[in-house]
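Trainee: Residue numbers (full-length UniProt numbering), protein chains in the order written: chain Z, 1 to 256; chain B, 1 to 290.
These are calculated hints, taken from the structure and not from any lab test.
Any given hint could be a false lead.
[Claimed, not checked] To give an idea of the interface, some chain Z residues facing chain B are shown, with a C-beta separation under 7 angstroms as derived from the structure: (1) 11; (2) 73; (3) 106; (4) 133.
[Said to hold, decoys possible] Straight-line alpha carbon distances no greater than 30 angstroms define the calculated DSSO-like cross-link-like pairs of lysine-lysine that follow: (5) Z:116 to B:285; (6) B:84 to B:57; (7) B:178 to B:285; (8) B:178 to B:219; (9) B:285 to Z:130; (10) Z:116 to Z:74.
[Unchecked claim] Calculated Cβ distances over 10 angstroms to all of chain Z for the following chain B residues: (11) 9; (12) 44; (13) 107; (14) 111; (15) 120; (16) 281; (17) 289.
Fair warning: this is a prediction, and the values are worked out from it, not measured in the lab.
Heads up, the beta-carbon is just placed ideally off N, CA and C, and yes, glycines get one too.
Single-letter residue listing:
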Amino acid sequence: MISARNLSLTFQTGDGPVHALKDVRLEVQKGDFVSFIGPSGCGKTTFLRCMADLEHPTGGSLAVNGISPEEARKSRAYGYVFQAAGLYPWRTIGGNIRLPLEIMGYGREDQDVRVKRVLELVDLAGFERKYPWQLSGGMQQRASIARALAFDADLLLMDEPFGALDEIVRDHLNEQLLHLWERTNKTICFVTHSIPEAVYLSTKIVVMSPRPGRITDVIESTLPRHRPLDIRETPEFLEIAHRVREGLRAGHGDAV
Amino acid sequence: MRNLLPVLTIVATLIALWYAAAVALNAQWARDQAARAGETLTMSALVADTWSQDKPKLPAPHQVVTEIWNTTGAMVLEGRGFSKRSLFYHSWITFSATALGFLLGTALGIALAIGIVYNRTMDMSVMPWVIASQTIPILAIAPMIIVVLNAVGISGLLPKAMISMYLSFFPVVVGMVKGLRSPTPMQLDQMRTWNASANQTFWRLRLPSSMPYLFTSLKVGMAASLVGAIVGELPTGAVAGLGARLLAGSYYGQTIQIWSALIMAATLAAVLVGLIGLIQRITLKRMGMA
Ligand SMILES: Nc1ncnc2c1ncn2[C@@H]1O[C@H](COP(=O)(O)OP(=O)(O)OP(=O)(O)O)[C@@H](O)[C@H]1O
Ligand SMILES: [Mg+2]
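Generate coordinates for the entire structure from the input sequences, incorporating the hints supplied.
Mentor: Written as structure tokens, this is what we have:
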């Protein structure tokens, strides 16, 4: 699904070049749930933005769905969920989810069906006619995920989508996201700062480290695909979390 | 209701000050008149005179109110509400030039703003000219515009509207450039992830985002339009319009007429700006942006 070979990106800034990514290699299979974790500034967002063709790598090669990121973007192969929900205040929840569908030229009836379906998927059925300000932060974020799910993209790129939410809401949304992933069979790339979140959600955990931004460890999860919330108490879960923590420490001295 | 008392207090104070100023400014003339007639005025006679002169330096409020009533309400009652002597007629003349100039100015302002936001060359080159255009005193170019347009056979409403347009496009350009650029990088990136065309991004994101900026500019632009229309009536020796009333009033020392035309103009401006404010409130509320 995604294949990065020696991928590099250097930003030229006022005080010299910043190596946001250096020699990044990664293979993501279809149906994977991949988490990217690492200290601030290690290039997680930059990597995701490269996949989305929002940033242009300065070296190496990157393929999304077997084609270049630009072609993938133009064929609308992925949905991108930003850290902020970014719903338009002048559109209803339904209208916001409809926005990409209008842009992509889906038919009116098709739009209606899709809006209904994704709203059910994220547990927001009945909120179609509400405005964003009538919803809580967690509900808005769910709506923005629904918006990314509404069109036929096999790949979902999510940059700290739950970063601004409290623990309890987050647990709930994590559970829902897993359900959604099981049901829709999408490939998901997910940026997070939370080790438990990464371990709970992922089939593959990518540990990154900064200056220059690089991948220091890739951990394949041995947890089953179906995961109840209390799997987080099992020894297997704690074992993987421990490996992630070790990986973060190795890449960053003792700072983490 | 709680706001009413302070407002009324201020209005009452202003009116009292106005009356006092009328006494102070008009007393000299009253005394001269009395001296010529060989009389001395008592204090109360002096005050009464200063508030009822024909051509006072500063007319008293009730004189202005009477004049306005005589040229508006009273004429309506007589069934001549739109005769050439009525202030409604003159306001209408000025308003039509204001409205046309405002529409033209808004259209020009929005068009320039779109050009500036979407075209690099225009971004670099147009803004300095726009700013330069506003540094020229309007009183200097108003007569030229009128004369040039007259020479090519355009007269009446259009030249005045051109001056209104000249004044009102500026706030619209400035506001709309800011408004069309107000979407965040994230919102623009999001459009990119959907592979939205420039057109789609404009209609679905940039234009709606610019609405609060547009309305603010429209208010300033409307007031500027009215000033433009009045200024446009001055150099032509126009026979109709609030500007014409101001000019005629000053030719003949009819200060009461000048003041009533001024107050009419102020009222017109307040109504027009208030109207835009109302539309703004309704629109932004509906858009969830208020
Ligand atoms: N547009 C840009 N111009 C210059 N430098 C940039 C730009 N975007 C990112 N960087 C730099 O690239 C590095 C990686 O940034 P990136 O946003 O990918 O980090 P991140 O891992 O997402 O961090 P965080 O966890 O804080 O979101 C940082 O050092 C950042 O300063
Ligand atoms: Mg980031």
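Trainee: If a hint holds in the structure, say so; if it doesn't, say that too.
Mentor: A quick look at each hint next to the structure:
| no. | hint | result |
| --- | --- | --- |
| 1 | 11 | violated (15 angstroms) |
| 2 | 73 | holds (6 angstroms) |
| 3 | 106 | violated (12 angstroms) |
| 4 | 133 | holds (6 angstroms) |
| 5 | Z:116 to B:285 | holds (27 angstroms) |
| 6 | B:84 to B:57 | holds (26 angstroms) |
| 7 | B:178 to B:285 | holds (21 angstroms) |
| 8 | B:178 to B:219 | holds (16 angstroms) |
| 9 | B:285 to Z:130 | holds (14 angstroms) |
| 10 | Z:116 to Z:74 | holds (26 angstroms) |
| 11 | 9 | holds (39 angstroms) |
| 12 | 44 | holds (64 angstroms) |
| 13 | 107 | holds (23 angstroms) |
| 14 | 111 | holds (23 angstroms) |
| 15 | 120 | holds (20 angstroms) |
| 16 | 281 | holds (15 angstroms) |
| 17 | 289 | violated (6 angstroms) |
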